[in-house]
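Trainee: Line order of the protein sequences matches chains U and B. Numbers 1 to 251, taken from the UniProt record's numbering, label the letters of the first sequence in order. Numbers 1 to 251, taken from the UniProt record's numbering, label the letters of the second sequence in order.
Please note: incorrect hints may appear among the correct ones.
For chains that are exact copies, the list does not tell them apart, and a pair is met inside one copy or across any two.
[Stated by the list, open to error] In silico SDA-like pairs for lysine to any residue, Cα to Cα no more than 20 Å straight-line: (1) 49 x 82; (2) 25 x 102; (3) 79 x 31; (4) 203 x 112; (5) 25 x 200; (6) 5 x 78; (7) 25 x 15; (8) 5 x 107.
By construction, these hints were calculated from the structure, which means they are not laboratory data. None of these values were measured; they are calculated from a predicted model.
Protein chains: 2
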Amino acid sequence: MTSGKVTLLSAGPGDLDLLTIRAAKTLAAADILLVDDLANADIVTLAPKARVIRVGKRGGCKSTPQAFIERLMQRYARKGLHVVRVKGGDALLFGRAGEEIAALRGAGIEVDIVNGVSSGFAAAAGLGISLTHRDHCQGVTFVTAHMRDHSEPDWRALAATGMTLAIYMGMSRIGGIAQSLLDVLPATTPAAVVQHAGSHEEKRLVTTLARLADDAAAAGLGSPAVILVGAAIGEAAAFAAHGGRSFAHAA
Amino acid sequence: MTSGKVTLLSAGPGDLDLLTIRAAKTLAAADILLVDDLANADIVTLAPKARVIRVGKRGGCKSTPQAFIERLMQRYARKGLHVVRVKGGDALLFGRAGEEIAALRGAGIEVDIVNGVSSGFAAAAGLGISLTHRDHCQGVTFVTAHMRDHSEPDWRALAATGMTLAIYMGMSRIGGIAQSLLDVLPATTPAAVVQHAGSHEEKRLVTTLARLADDAAAAGLGSPAVILVGAAIGEAAAFAAHGGRSFAHAA
């Protein structure tokens with residue numbers, strides 16, 4: 001009997017055609033599917049022979065305990081089954097992949113990973129901008145506002161690098177984040193919010209850092225969303241201001 | 001007659017099955033294909049009806065001038081054709097997408113974007129680690145070492161954020177980068193190099209920041225490669241040290 005294994009599979013940001021071809025092939029062969037809240041629910045249609053187990057887990061909400069998810073994966077893999085653990089975006093950016101890999105390795109179970117598109121990239125695509133336009137910056141930082149110990153990342157240090165910031169899980173504290181960034185960055189720094197990036201429900205807002213929290217509230221934007229801050233984001237604002245239409249100001 | 005348009009299409013890090021399903025569909029319908037050096041050359045097999053134009057461009061080497069590429073795209077789009085501009089990794093991370101989008105918009109040509117997997121994510125998948133294990137960090141910075149004016153990013157400011165660093169186009173100055181980072185980070189900080197991430201030629205090295213340049217030279221690693229630095233990278237080293245096999249120390 002062949003031994004089982006676990007694949008951590010990236011579901012991408014929303015629409016199913018943003019999955020990789022490798023992800024689609026892997027899903028088609030899966031025996032067991034563990035699906036996250038943040039993944040598109042229709043992903044199960046790509047795994048017709050799999051038993052589907054929903055293991056929702058969202059910051060601050062009721063959730064399936066992490067230890068239970070890890071035990072489930074191990075149990076099925078030990079039976080010789082191919083377990084596919086589906087995660088929204090790219091499996092290796094946030095989402096506790098590190099802990100799951102460590103637990104599986106500790107149990108002697110083979111793990112592999114199928115990459116995907118993270119929602120920060122989809123947000124930039126929706127806005128029609130590069131994350132790293134070389135007139136403006138040398139890179140981009142993907143950072144989560146939702147930390148294990150309820151502390152905050154060092155927003156000033158991040159702002160001081162001059163990188164574009166792509167902030168995940170920040171909508172519940174968007175006012176405080178903007179305030180901290182304003183200690184370092186000008187009030188006119190371009191900023192954007194993209195909710196449901198990469199899906200048909202995508203909503204976009206382009207504004208400035210000073211107006212970010214108020215404008216996001218006025219537009220009714222909430223989680224899940226990516227907040228983008230930095231001069232490179234100004235390319236979207238400039239385009240909208242000149243009557244651009246390929247990428248609407250708000251979907 | 002319908003008007004043409006340009007799609008900036010992400011070819012992913014290497015293997016063709018790391019393209020998204022949307023990318024494959026877009027290629028199948030393309031009239032004109034402009035292909036980068038950094039994309040897998042076999043990608044043309046996915047675009048059977050397209051005329052293929054190679055527009056290689058790699059830091060420091062002989063290359064097709066950017067202005068010429070932009071004129072080519074405009075010329076074919078104005079003929080009503082669907083031009084697909086293929087870029088390695090994700091089109092919106094480095095690679096001058098920002099300039100191409102601005103030029104096309106300035107010429108009144110419709111642009112859209114198809115996302116993909118950037119090589120930093122593929123590098124982490126090869127090493128079998130999360131880029132953002134929450135025991136170690138709150139995020140990851142993707143930064144290019146190859147700047148327009150031949151200056152350097154502020155490595156100390158980047159190191160001070162505590163983010164995992166994914167450094168692109170840094171192999172030709174790996175010694176200097178490591179030295180600058182050592183001003184802030186401990187000598188034992190885990191570091192890795194992944195060459196040809198996400199392709200069958202992938203080669204991996206896991207070491208420490210102090211030994212990074214020497215070990216990369218000894219292993220014969222060169223461009224194109226991603227350099228990863230930070231405590232989260234230690235998960236790969238810890239695994240290798242304990243006899244791990246799912247993710248080899250060097251492929």
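Trainee: Determine for every hint whether it applies to the structure shown.
Mentor: So, going through the hints one by one against the coordinates:
1. For a Cα distance limit of 20 Å, the shortest separation of residue 49 from residue 82 inside one copy, 11 Å, qualifies, whereas the shortest one across copies, 38 Å, does not.
2. Taking the closest pair of Cα atoms, residue 25 and residue 102 never come within 20 Å of each other, the shortest separation being 25 Å inside a single copy and 37 Å across copies.
3. Within a single copy, residue 79 and residue 31 get their C-alpha atoms as close as 11 Å, which meets the 20 Å cut-off; across copies the closest is 49 Å, which misses it.
4. Taking CA atoms no more than 20 Å apart as the test, residue 203 paired with residue 112 passes between copies only; the shortest distance there is 17 Å, against 33 Å inside one copy.
5. For the homomeric pair residue 25 and residue 200, the shortest alpha-carbon distance between copies (18 Å) is at most 20 Å, but the shortest distance inside one copy (24 Å) is not.
6. Taking the closest pair of Cα atoms, residue 5 and residue 78 come within 20 Å of each other only inside a single copy of the chain (8 Å); across copies the shortest separation is 51 Å, beyond that limit.
7. Both within a single protomer and between protomers do residue 25 and residue 15 lie at most 20 Å apart by alpha-carbon distance, with minima of 17 Å and 14 Å respectively.
8. Only within a single protomer do residue 5 and residue 107 lie at most 20 Å apart by alpha-carbon distance; the minimum there is 11 Å, versus 52 Å between protomers.
The structure does not agree with numbered hint 2 stated previously, though it agrees with all others.
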